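**Student:** Heads up: the protein sequence lines correspond to chains A, B, C, D, E and F, in order. Each residue of the first sequence is one higher than the last, beginning at 1 in the working numbering. Each residue of the second sequence is one higher than the last, beginning at 1 in the working numbering. Each residue of the third sequence is one higher than the last, beginning at 1 in the working numbering. Each residue of the fourth sequence is one higher than the last, beginning at 1 in the working numbering. Each residue of the fifth sequence is one higher than the last, beginning at 1 in the working numbering. Each residue of the sixth sequence is one higher than the last, beginning at 1 in the working numbering.
Take these hints with a grain of salt, some might be off.
As the list claims (entries may be wrong) - Derived, one-sided and incomplete: chain A residues facing chain E with beta-carbon distance under 10 Å:
id: 1; residue: V218
id: 2; residue: Y263
id: 3; residue: K267
What the hints assert, rightly or not - Distance condition first, Cα-Cα at most 27 Å in a straight line; then the derived BS3-like pairs of lysine-lysine:
id: 4; chain 1: E; residue 1: K244; chain 2: A; residue 2: K143
id: 5; chain 1: D; residue 1: K154; chain 2: D; residue 2: K46
id: 6; chain 1: C; residue 1: K291; chain 2: D; residue 2: K267
id: 7; chain 1: C; residue 1: K221; chain 2: A; residue 2: K291
id: 8; chain 1: A; residue 1: K36; chain 2: C; residue 2: K30
id: 9; chain 1: E; residue 1: K90; chain 2: D; residue 2: K30
id: 10; chain 1: A; residue 1: K244; chain 2: A; residue 2: K137
id: 11; chain 1: C; residue 1: K267; chain 2: B; residue 2: K267
id: 12; chain 1: C; residue 1: K87; chain 2: F; residue 2: K30
id: 13; chain 1: F; residue 1: K244; chain 2: F; residue 2: K142
id: 14; chain 1: D; residue 1: K154; chain 2: D; residue 2: K53
id: 15; chain 1: C; residue 1: K25; chain 2: C; residue 2: K292
id: 16; chain 1: F; residue 1: K25; chain 2: F; residue 2: K7
id: 17; chain 1: F; residue 1: K72; chain 2: F; residue 2: K46
id: 18; chain 1: D; residue 1: K30; chain 2: E; residue 2: K87
id: 19; chain 1: D; residue 1: K267; chain 2: F; residue 2: K267
id: 20; chain 1: C; residue 1: K154; chain 2: B; residue 2: K267
id: 21; chain 1: A; residue 1: K177; chain 2: B; residue 2: K177
As the list claims (entries may be wrong) - Residues of chain D placed beyond 10 Å of chain E at every Cβ, according to the derived structure:
id: 22; residue: N51
id: 23; residue: S64
id: 24; residue: D141
id: 25; residue: S207
Source of the hints: derived by calculation from the structure; they are not laboratory data. None of these values were measured; they are calculated from a predicted model. In this text, a Cβ means the ideal position worked out from N, Cα and C, and glycines have one as well.
Number of protein chains: 6
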Amino acid sequence: MNFFDVKGINAIEPGNKIDGFFLVKSIEVKTASNNKNYLDIMLSDKTGDINAKLWDMGPYEETSYETGCIVKVRALVSTWKNTAQLKIEKMRQAVEDDGVSIEQFVAAAPYEAEHMYGIISGYVDNISSNDIRGIVKLIMDKKRERLMYYPAAKSNHHAIRSGLLYHIMTMLSAAEKLMEIYTFLNSDLLYAGVVLHDICKVDEMDSNEIGMVSEYTVEGKLLGHIIQGIKEVESAAAEIGAPKETAMLLEHMILSHHFEAEYGSPKKPLIPEAEMLHYLDIMDARMYDFKKAVDDTQEGEFSQRVWSLDGRSVYRYNF
Amino acid sequence: MNFFDVKGINAIEPGNKIDGFFLVKSIEVKTASNNKNYLDIMLSDKTGDINAKLWDMGPYEETSYETGCIVKVRALVSTWKNTAQLKIEKMRQAVEDDGVSIEQFVAAAPYEAEHMYGIISGYVDNISSNDIRGIVKLIMDKKRERLMYYPAAKSNHHAIRSGLLYHIMTMLSAAEKLMEIYTFLNSDLLYAGVVLHDICKVDEMDSNEIGMVSEYTVEGKLLGHIIQGIKEVESAAAEIGAPKETAMLLEHMILSHHFEAEYGSPKKPLIPEAEMLHYLDIMDARMYDFKKAVDDTQEGEFSQRVWSLDGRSVYRYNF
Amino acid sequence: MNFFDVKGINAIEPGNKIDGFFLVKSIEVKTASNNKNYLDIMLSDKTGDINAKLWDMGPYEETSYETGCIVKVRALVSTWKNTAQLKIEKMRQAVEDDGVSIEQFVAAAPYEAEHMYGIISGYVDNISSNDIRGIVKLIMDKKRERLMYYPAAKSNHHAIRSGLLYHIMTMLSAAEKLMEIYTFLNSDLLYAGVVLHDICKVDEMDSNEIGMVSEYTVEGKLLGHIIQGIKEVESAAAEIGAPKETAMLLEHMILSHHFEAEYGSPKKPLIPEAEMLHYLDIMDARMYDFKKAVDDTQEGEFSQRVWSLDGRSVYRYNF
Amino acid sequence: MNFFDVKGINAIEPGNKIDGFFLVKSIEVKTASNNKNYLDIMLSDKTGDINAKLWDMGPYEETSYETGCIVKVRALVSTWKNTAQLKIEKMRQAVEDDGVSIEQFVAAAPYEAEHMYGIISGYVDNISSNDIRGIVKLIMDKKRERLMYYPAAKSNHHAIRSGLLYHIMTMLSAAEKLMEIYTFLNSDLLYAGVVLHDICKVDEMDSNEIGMVSEYTVEGKLLGHIIQGIKEVESAAAEIGAPKETAMLLEHMILSHHFEAEYGSPKKPLIPEAEMLHYLDIMDARMYDFKKAVDDTQEGEFSQRVWSLDGRSVYRYNF
Amino acid sequence: MNFFDVKGINAIEPGNKIDGFFLVKSIEVKTASNNKNYLDIMLSDKTGDINAKLWDMGPYEETSYETGCIVKVRALVSTWKNTAQLKIEKMRQAVEDDGVSIEQFVAAAPYEAEHMYGIISGYVDNISSNDIRGIVKLIMDKKRERLMYYPAAKSNHHAIRSGLLYHIMTMLSAAEKLMEIYTFLNSDLLYAGVVLHDICKVDEMDSNEIGMVSEYTVEGKLLGHIIQGIKEVESAAAEIGAPKETAMLLEHMILSHHFEAEYGSPKKPLIPEAEMLHYLDIMDARMYDFKKAVDDTQEGEFSQRVWSLDGRSVYRYNF
Amino acid sequence: MNFFDVKGINAIEPGNKIDGFFLVKSIEVKTASNNKNYLDIMLSDKTGDINAKLWDMGPYEETSYETGCIVKVRALVSTWKNTAQLKIEKMRQAVEDDGVSIEQFVAAAPYEAEHMYGIISGYVDNISSNDIRGIVKLIMDKKRERLMYYPAAKSNHHAIRSGLLYHIMTMLSAAEKLMEIYTFLNSDLLYAGVVLHDICKVDEMDSNEIGMVSEYTVEGKLLGHIIQGIKEVESAAAEIGAPKETAMLLEHMILSHHFEAEYGSPKKPLIPEAEMLHYLDIMDARMYDFKKAVDDTQEGEFSQRVWSLDGRSVYRYNF
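Here chain A stands alone, though its shape is the one from the complex (with noise of 0.2 Å):
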């Protein structure tokens, strides 16, 4: 039996031998019930994830790996009813020589980050008025660095590199879309409201530059990146001298997108604009969930439950 180079994650098969590189999502020691010590390692790459035990551990095991590096394992699949596991029989860390780099384990957004910076910045600079134009440019600015990797969201749709870019920029080009259709809406607030409704997710969660999450901060548990938005909105008024009215208009989309109070809106939408700004949010990302779900079924068949579309398992017809 031989070890076969890996495809992906998601194309492992219970039975075989593999010989792959991988990313290490997290990693802890744990002790058997025989009183020895074992890794009990989750490994990843762009197609997946996969769990891995290293049984026979000596001090180096213990300490050469952490969460974040690149792994070369070798393994068998021990375990090929329901879930498949590896049980690893070598592993070392990816060296120079290996040609490996962070970026190709993680998903990411299918566009380069400049490339969606770019695209979103011909929208805000398409913004007729200056006040607006000079609010959102001043906080894109702020958080220009982090933007280009941030996900979206720790968990749930489009929480891969650079996410939250890929979000704002399919949302611009559906609101150009739909105020074809719908055109008694103001474009200059709407690309603005899209544009800042999640920015400040970069102040409320933690992320690393390859786009995971390992927690929120304090003052995203303890505000939430509706009022870290409205927060950044008040400042850049003042910073320009904007009108009293122009920052409220915008506050006020920022804190009703959610929509629902339970979702974290104390105010309902109540300009057309800051309505349709909710409807483009949750049609991106459920169309961004039910995308994922159904590339990962089989066709006749349902998906696992996702959590982010309520729990529902959705189905694959094959058509």
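Based on the hints, put chains B, C, D, E and F in the right spot on chain A.
**Tutor:** Same frame as chain A, now just chains B, C, D, E and F:
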């Protein structure tokens, strides 16, 4: 003081005298505390409604008018605080020589019914699946006559003549645009879902030919347009011999389009096209209601509470 | 220490050795922390379920057993606190000479399926309306084969072989008695409603012939037995040319029998027979669950939590 | 135009003159906009209610009538749309020679109170447990006088004279029949539960002897009939020296019979007899309300909204 | 029959004539069914409100009175059942010689605004943290003028002149006492939280100087006093250079003080001082409402329903 | 490596060896995958809990220990990530010579039971109404023995020995202080309400004398401490001949103190003392839970989720 011709009910100013034609929306004989009978009438035109009283009435007045007829009215605007009200001085039925027709008084979709039906048919003709296209066409043909004038609701969004066609047409156009972004969606299913989702409102409600719904039908109350729609799809699929899977998917889209059980959908959307159908539907209804509420409101003011927007008073900014 | 013959799983006492036949309800190969595979089996008979482990297994054991087969087991009851568990010493498939059949191991309704079907048919034959009787008979005939063994639910009340027939038969008998008191009820409608209300559970779930449901069907998940039942009535009514009013009333009874929207009924009962149908249904389900829970509990004690009784632990008084 | 004798309020036709006896349900002096006082009266008989006005009144009229008296009325039915209303021409108090008594005007249970009390006592006498029978009899004796005329509710189901006895009697009879099917139920507990569950409504509400409830009592508002009933059982059990377990089970049945916390039951039923008691109670209330609503409705029509049926308009089919 | 001087609206007895000064709370010209205009006025003083009609009016009456003016009224109490109502015989505006001022007619806090402001300032001066004290003082100074007369709500608890100061002062005093028991609480945070939690009600509502709120402001409707308060803290902290942690904790206290999302707090309290702030706030509001309701009720009776006590009718015992 | 004496479970550091006395909170024999039995023990002291395993056990170990005994343990802290766990090397029961007593290991209120009982009695003695004082004293005497050690809850706030007394005493003291502010409250009622509101927790739960609750009683599950408390008041009032109004008010306070129906109060508070009782109760519980959670958390960190604080993780600021 002369009687001026009315521009429209919305333009009636307290303190004036007016002269004009109106549609009788409702009429009732009431007894005043001085023990005399009087007529309490709700008059309407395309721009709104106004209450009117005919105080001195004889047997002729009691029996000459009914809901749906056009009357010529000369009246004083007797109350000038909060709400204008007409005190009728003279009133008669409109006659042929007046050259007025009921269509002039009833709010209607901004496009001709035939035109909208044609556009919708164009989308349907482009459905590539023979089964889906066949089912949709069969049902559209069967409902065609009533589709021409039915509103989309009794008193909410699109409660205007031909409002149902207008709602479907707008949603098709939004669906087309959003599929440029969410390219994985199946256009056959989505277009069919849009056309069929509310089509049995023509069976659920009783509407006269000017699009005024007086009541729900018995079957409308006992089953509702969602269940009625599913039965139509089942029959149509049987008639053209479409596969069960096809009928099932269309039925599922109709069944789940209200999304929440409490709003009539016992199943949530489980295919992406059903999810998108829900958002197209609610977004179009909300944009319609917002536009109407904002149009009826002064800049810097809040609208009346809008029942179909969860009782919100929406804000018209001055921007 | 000898191995005793088992009286039934409910009678297994911790600390003993046992010898007996069981049904394999589920079986899975797992890997222990010492890296060896073992079999994790759920054994069952008419009296309950017990977990069992086969620790030392070779290739033979891995491939010889499957869900639904009967096995002979010799085992120790290795854990005596809280929950008993079997440590298997010997195990083999049952063979013809053992003289055991699967029916001996599966909980079933207390009456023969044919007998219950006959009683139900008797009620149906007494329906005086040709239309109603015709619709009910047509659907019963179509589902007859599966009705013989289907349970009434996957894991709640009447989740036993022929449980659906048992549920219907008991409800018919309760309906008959209550109509002696509430004499204004129409027996044709009520008997028809009882027979039809859950009949499409045979289309909603996949059951094997011993009444074990492994999964819901695709149509069951996308539409559900209520909608499936309405479609059946619509087809049957069309086939025999019954009036629309008749079909509509039967469809309304099916549609409303769960009463609450959140439990799948978008319309509440609007005729007295539909209201009564709801109470007959829930009362029979609740009595079944209460009796089962009380029977499994000692006097003066509380039962395990019963999921289908909203998680209640019910009390068995000593009286 | 002659004045015709009234058959009953439900038979009054707009446009007629009428002459008849009625019960004054409420009476109020109001001031009209012409600054004159008039009497606003609600008249009733067994078949319904009607509003009446006495426009020209002097000091005599103001002081001669009060709630609960019988009056002779000659009147015109002055309004003939939607709701009939009486314009009183002559009115006087009924005198002994008129030969009318209040019982003729008040809706009452279809059986004599003594008869129903006797039937209920028969069930109680058959309770085999001395303790349970003793508790029930003690409480029934104590409440006997008021039980004779109390309704079962202020304005919902069985809000008629002796309605409480009627409700109890019907439930006992349904309980008896259902125990033929659900044979494991303990009849002592169930009969006792039926008799006691609502018996403290006589302490919760203030009713006059014709079964009209004007108000809740102070204790009724601060504690409610469920808590009051538990206190009665506790006292009665102490008085006859019944075991604590017996009292506790009866108290639990009273406590849990509304089932939901939001309807007044902080504990859900935990013994089967308590569960059945709940269904007997709600089923009897619902059948009463449905029958009444259907009886008041034309075939093919929907009833008025019934508050105690969650606001439903129920349908009277033509079958 | 003489006209008696009024002691106060609460003391007006039906059947009398009265003579006195009142505040016009609202005034409207209406048209009676006899086609004449009349004035419909709501009069008020510190003890309550009463409705009044002026039936015979000329052009002078129509234009001489407005909301907020003081009038001298001579009137009959024309209706004596249920609710008293005034029939105005003579009415004129109060003049300087009458020696009446608006403060005499408006319910106000039982302490002078300056006195309460001083007490509150005393608590603030004792805050030991320069940052927290600085933020609180800056905001108090900015709002000082309006704080003097603003009520704490439009129509609920403390809806009286200077009600907001009164609410803050009472809460500070309760906070001080409870910190003797719950000694681990930080008094700087708690005192600051009490002062700031509702302070932006002066920005959320439009009040005239006698503490009558006619309307919410635009920003009040789009953002609300919680969000407005957070923005004030953010600005003040920036102005004095307070650390981010300090501002964040104060903002969190404001944000969470309504506790439930549905009442406007998207985050629940996460520090003990925020939790205590919530209970101080609701306890003070509830005690205010209970005292007012009980004071307006006879012993042994129940009060009118109090909207801000979830519609409860509270009981005044005789004890 | 030496074994160090333990300071307390909270002070155990991973990677050490320890030697100390602990209370056995629960103990279970389990079977490992290598088919050997081992002991799984939860050890506790006043500072917390820790899990321990005894891997090599013989018949002696299986039978020598039980819940509630004190053991001397020598162990390694074998796992050092996330949660510490003990691997027991030596263990024996504590003997008299060890000089340890169970009270040293159980969390208890910070005051002696007798002391707290005395303080509470002082408040009761000051109740001026003979009836109220009589009822309270009678019930306190009856429950005195169990009050000495009962906790206030099974696992929430004040779940410590004598926690119920501590809760009552603290609430009395807060009540006293708040009545200095809300002076219209009746102290007799409020003090009585505080003492009685939870007193039947001694009947609702089974606690051993060290304040550990293993289970609810049968009556506790079927009725609950609120109903049990009402029954006690009713009996005590009868015994001393107190007026019905007095008993009713005390019963109402007990009945309504959980405020919401879903938390066990079918009636909301209708007198001010009942309202205040509710806030005293919840405020004291919440302050207890917050203090405990904050004490167990590092500065700048969030606590574990606290179940009785609706699952919140509370924040310990560094201030």
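**Student:** Each hint should be assessed against the structure and marked as holding or not.
**Tutor:** The hints, checked one at a time:
1. Look at V218/A: its Cβ gets to within about 7 Å of chain E, closer than 10 Å, so that hint holds up.
2. For Y263/A, the interface hint holds, the least distance from its beta-carbon to any beta-carbon of chain E being 8 Å, beneath 10 Å.
3. Because the closest C-beta pair between K267/A and chain E is about 6 Å apart, less than 10 Å, the hint holds.
4. With a CA separation close to 18 Å, the supplied pair K244/E and K143/A stays within the 27 Å bound.
5. Using a Cα cut-off of 27 Å, the hinted pair K154/D and K46/D holds, with the two alpha carbons roughly 16 Å apart.
6. Restraint check for K291/C and K267/D: satisfied, since their Cα atoms lie roughly 19 Å apart, inside the 27 Å limit.
7. Distance restraint check for K221/C and K291/A: the Cα-Cα separation of roughly 19 Å lies within the 27 Å cut-off, and the hinted pair is therefore satisfied.
8. Using a Cα cut-off of 27 Å, the hinted pair K36/A and K30/C holds, with the two alpha carbons roughly 20 Å apart.
9. Between the alpha carbons of K90/E and K30/D the distance comes to roughly 22 Å, so the proposed pair stays at or under 27 Å and holds.
10. Taking the CA atoms of K244/A and K137/A, the gap is about 18 Å. The hint holds against a cut of 27 Å.
11. Between K267/C and K267/B the alpha-carbon distance is near 14 Å, which keeps this suggested pair within the 27 Å criterion.
12. Between K87/C and K30/F, the direct Cα distance comes to roughly 13 Å. Compliance with the 27 Å bound is thereby established for this hinted pair.
13. Taken as a hint, the K244/F and K142/F pair is honoured in the structure, with Cα atoms around 21 Å apart against an allowance of 27 Å.
14. Restraint check for K154/D and K53/D: the C-alpha separation of about 26 Å stays at or below 27 Å, so the hint holds.
15. Straight-line distance between C-alpha atoms of K25/C and K292/C comes to about 20 Å, which keeps the hinted pair within the 27 Å bound.
16. Only pairs whose Cα atoms come within 27 Å are accepted, and K25/F paired with K7/F is accepted, the gap being roughly 19 Å.
17. Using a Cα cut-off of 27 Å, the hinted pair K72/F and K46/F holds, with the two alpha carbons roughly 16 Å apart.
18. Restraint check for K30/D and K87/E: the C-alpha separation of about 13 Å stays at or below 27 Å, so the hint holds.
19. Between the alpha carbons of K267/D and K267/F the distance comes to roughly 14 Å, so the proposed pair stays at or under 27 Å and holds.
20. Proximity of K154/C to K267/B is assessed by CA-CA distance (about 18 Å); at most 27 Å being required, the pair is judged to hold.
21. Taken as a hint, the K177/A and K177/B pair is honoured in the structure, with Cα atoms around 6 Å apart against an allowance of 27 Å.
22. The beta carbon of N51/D is kept farther than 10 Å from every beta carbon of chain E, the shortest such distance being approximately 17 Å.
23. For S64/D, the non-interface assignment is confirmed: its Cβ lies about 15 Å from the closest Cβ of chain E, beyond the 10 Å cut-off.
24. Consistency note on D141/D: stated as away from chain E, and its beta-carbon is indeed over 10 Å from all of that chain's, at 30 Å minimum.
25. For S207/D, the shortest C-beta to C-beta distance to chain E comes to about 18 Å, beyond the 10 Å cut-off, and the non-interface label holds.
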